[in-house]
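Engineer: Please construct the entire structure, taking both the sequences and the accompanying hints into account.
Adding 4 to a residue's 1-based position in the sequence shown gives its number in our numbering.
Incorrect hints may appear among the rest.
BS3-like mimics (lysine-lysine), calculated; alpha carbons at most 27 Å apart, straight line [unchecked claim]:
id	residue 1	residue 2
1	Lys-794	Lys-616
2	Lys-1057	Lys-1073
3	Lys-616	Lys-831
4	Lys-248	Lys-74
5	Lys-831	Lys-890
6	Lys-1052	Lys-983
7	Lys-618	Lys-815
8	Lys-359	Lys-338
Now the in silico label distances, taken between C-beta atoms and shown as ranges [said to hold, decoys possible]:
id	residue 1	residue 2	range
9	Gln-724	Ile-597	19 to 25 Å
10	Glu-1033	Thr-772	49 to 55 Å
11	Leu-339	Gln-724	53 to 59 Å
What the hints contain is simulated information worked out from the structure, not anything from laboratory work.
Note that the Cβ used here is the ideal one computed from N, Cα and C, for glycine as well.
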Amino acid sequence: MLLLCSNVILQAQGITSSQLLGQILDSKGEPLVAASVKAIHEPSGTIYGVYTRDDGRYNIPNMRIGGPYKITISYIGYQTKTETIQQLSLGQNFRLNATLIEEAISLGEVVISGAKDELMNSDRTGAATNINKAALESMPTIGRSINDFVRLTPQSRSSSVASTTGSGVSFGGQDSRYNNLTIDGSIFNNNFGLSSSPGGQTNSTPISLDAIAEIQVNLAPYDVRQAGFTGAGINAVTRSGTNKVEGSVFYNFRNQSMVGKNAGANPLIITDFDVKQIGLRLGGPIIKDKLFWFVNWESERRADPTTLTAFRDSASRNSNTTRVTAKDLDDISKLVKEKWGYETGGYDNYVNETKSDKGLFKLDYNISNGHRLSFRYNFLKSTRDVFISNSGTVTSGSNRNSINALSYKNSNYIINNDVHSYIAELNSIFSSRVSNSFSVGYTANRDYRSSNSSVIPLIDILDGSNNQYISLGYEPFTPNNTLNTDVSQFQDNLTFYLNNHTLTAGVNYETFAFDNLFTPTFYGQYVFNNINDFKNALNGDSVALRRYALNYSALPNQELPWATTKVQMPGAYLQDEISLLNNKLSLTVGVRIDVPIFAETALRNVLVDTMKFKDENGNIVNYGTNKLPNKQYMFSPRLGFNYDVMGNRKLQVRGGTGVFTGRPPFVWISNVVGNNGVLQGSITQDNTNTRKYKFSNDVTANIPANATASPSYNLALIDQGFKFPQVWRNDLAFDFSLPQGLILTVEGIYSKTLNNIYYINANQELSTGNFSGDDSRPYFPGIDKSSTAKTNASRIYDNISDATVLKNTDKGYSYSFTTKLEKPLTKNWSAMVAYNLAEAKDLTSAGSIALNSWRDNKSVNGNNLPDLAYSEFDQKHRIIAGLSYKVNYLKIASTQISLFLQSGNQSRFSLFYSGDQNGDNQSGNDLMYVPNKASDLSFNDLIKKIGSKDSVIATKQQQIDAFENYISNNPFLNDNRGKIVERNALLLKWLTTIDLSIVQEFGVKISGREHKFQIRGDIYNFGNLLSKEWGVGYRINTNSPLNATNVKDAAGKPVYTFGSVSSANVWQKPLPIVEKRATLDDVWQAQIGLRYTF
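Structural biologist: Here it is in structure tokens:
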């Protein structure tokens, strides 16, 4: 049965198991010492047993999740009591107290069977959510991703359920990469941070849902054993074998015929695709009651035919036909085959494939009643065909595959994401007073690119007018592109049970090693002005290239320029869990210390050692490229509590306060190791009339004889005192037990940033003045300058393009207020509804590349002085609701319907100027000022050279009038006249989607064993199936309606233009800021599945 979503997280004993605890008394209320408490996990026959201590208390830790459990409590001379517990949830402390009666008073054994209320429980403290096996098997999902289920947490901000990994799920306004995902306790993140989870680059899920028994999401666990995150800890535990051989096999499929065609008034062109998923799970005993096995395997295949085609004749032309002729493509393919023996591959009507295979093997060994060992291995092997990158073209925005250009199949690349993960855990109960849990694990991620092309340079051929036309050769960012990640870990928790105290002392040790190799244009790039130049060069003639580019290793003997980052993170912690006031009050008090230690893997650039940069305040600072952060001691004290106000679990108050220490995406550190000016050299020359570069299929032909680093380069640096992300998180909640089994929760969370990140460019000159007028922000030395003069004026050192520095800040916060009403499972149905109001602010929401993270931040006073503003991960309003209902009939059949609704603001965004407004040599980063009247701003005539004459397309006054009208017609702009628009101040409009799953099941018994056959349908955005107007989101048309000219007028005010000039020399005014969109996420999508279970 389905427990749709419940906040059943209690004070977690561990991330892979559960605990049974309580107190045994006699009829006079006196503790019974050495009473026997035995628990049997009935499916596996696993036996757990302890004796009560001096105060009658007992603890059985590290118990297998699931059930049912038969509990037997006995004492000589007293009646034996038994109870059945149907389910132990992941991380749950199940409190079972009992009063035994003397045998002389009782006639015989008393048996009590029932389920305990998991929501109103003394061990609940911080906000959290459990998703059990039944929910995993019935909730709507198309991508079969963990992300589809953790969105059940009200405080989450999720991407589309239709995607497999998407951009991840953020919690509490934190970067999704600040989460910590563990599988059976093993660290299972994409620790480098290029995607939200392993397999993200191939759109693959890292583990099969069929392998998972339960998922736990913790936002504020005040147990210091849980760490490694400032967003959320997401813990998943895999299934195990039992005494019965059980298994299941399934097949899912979907294609373009199972997708909606209309997003409101906008028709959606759906290209052909085909997705097939197949998988199985199987488990059973090797030795009954002793040794068990479980295996799982899943495979997915997706085929996406290309849509763009070459031009062959007018009769066959359609909207996907490019201007590139099949004759030109065939001629070039034939020529390179004849001259070099190079195979280009096709150019249209081929298929891009995505392949994913994953598997898991697990052993569980009951060594004895007090010692249990488990071992799990799982793997992922996935690939995805990807079109050649559009980066590095000579004309900005000119794509290599578009209606104007085509490339060949062998110029594409294949991204590979492989994972191998191992974890072993030994749980021991030494006595009624001492237990221990030890785990050790290793995970290897291998992310790399491959290509079907033989090794030749990339060749871009233009159309004679500086526009992209045909591309062939080796994809420019694929040579040697490799990232090897190795993570090792061990953890040991020793627990002592002393009367009403549970004391835990623990240590953990983690190591992370990253070997990153990124060598763009390592095989060279030739850009020809036209096809004839290319043909002539192929025949050996000397021609002037539009561009030649080459990166090469600057290390001795052309060694590959690996960037290696290594960090070890030892940790230790102490904790006391205290039960007071006859178990009405529970306290958890603990402290944890983690110590990140970086290995000295970065190379030294002696020239940088002598450079005097400036920080954001103008102070002279020195940096070394070989200097990674010093050792930092990260303390995390925590206090959690739960108080049963009336002593009957009708009202409980819970919460806590404490510090949480996470890990950064280690790509931020790798940027420092890899961008030091000594690993690689480069050549980039446009219009090569003065120096001729030999055109050859030999990729080493133009490497300098004595290869050295380039004289000009960019740097990524880091502050020596840099600390890992850290927040102080506070939680207060009230749980009310209402009639009809309803549970009402009101909860507030406030998180204060202790350590987050931001970037400065230490090679940027300070501002030199302020604009006049209402928008009196500072301007920089590049104002009123253009081209090289502007660039050089903005830099301290002309040969250093940028020197970004990663630093810490304590500015930032987030809060959320959540109200949730839940009806746990009763008579085949369950339901819940929740509303979350939230706000999150930070200095920057950083990406993966240091320079881009600094450059793309939006600011008022320059990017070295970012303002505290709304985070990209903020979602102001979110409503979720779920309903599941199951009907059994004919004794052999059932139908289950599950619905999930989510509604809220889609995302935040900023308004900024196009171009450079303040002369800091950066475009598109200056936040927009909304004038009281458009005429308060200074405009230039909008001019375009037509022939030899400058023609005015729009006068100053025309632009003023049009901009005034633009402001008046936008409620947000109209309400914010006279203000600079804060970063991410705008909210995309409200979006509501409903997802549906229907499961039809038939069962039959053969030789006493039940066999089930299932037909399942999942529909994402089900509302759009009912009405094309429902479930349609919004997109940003333009967030830079004004163009900045980098010029001040005579009065010292910045000068703008409004709109642009079309190719037909017509004034084009900016589109409305937001409009309804038409993407796959805005229409219904369906998937059909078949399953057999025994």
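Engineer: Taking the hints in turn, state whether each one holds.
Structural biologist: Results for each hint:
With a C-alpha separation of about 21 Å, the suggested pairing of Lys-794 with Lys-616 holds against the 27 Å cut-off. Between Lys-1057 and Lys-1073 the CA atoms are separated by roughly 23 Å; this keeps the pair inside 27 Å, and the hint holds. Annotation: proposed proximity of Lys-616 to Lys-831 is violated, straight-line Cα distance about 73 Å (limit 27 Å). Annotation: proposed proximity of Lys-248 to Lys-74 holds, straight-line Cα distance about 18 Å (limit 27 Å).
The hinted pair formed by Lys-831 and Lys-890 meets the criterion: a straight-line CA distance of about 9 Å does not exceed 27 Å. Between the alpha carbons of Lys-1052 and Lys-983 the distance comes to roughly 20 Å, so the proposed pair stays at or under 27 Å and holds. Among the hinted pairs, Lys-618 with Lys-815 is consistent with the structure: their alpha-carbon atoms are about 21 Å apart, no more than 27 Å. Distance hint between Lys-359 and Lys-338 is unfulfilled; the C-alpha atoms sit about 31 Å from each other, more than 27 Å.
Our hint of 19 to 25 Å for Gln-724 and Ile-597 holds, since their Cβ atoms are close to 20 Å apart. The hinted range of 49 to 55 Å is satisfied by Glu-1033 and Thr-772, whose Cβ atoms lie roughly 53 Å apart. The hint said 53 to 59 Å for the Cβ distance between Leu-339 and Gln-724, and at roughly 56 Å that hint holds.
Figure legend: structure checked against the earlier numbered hints; hints not met, in rising order: 3 and 8.
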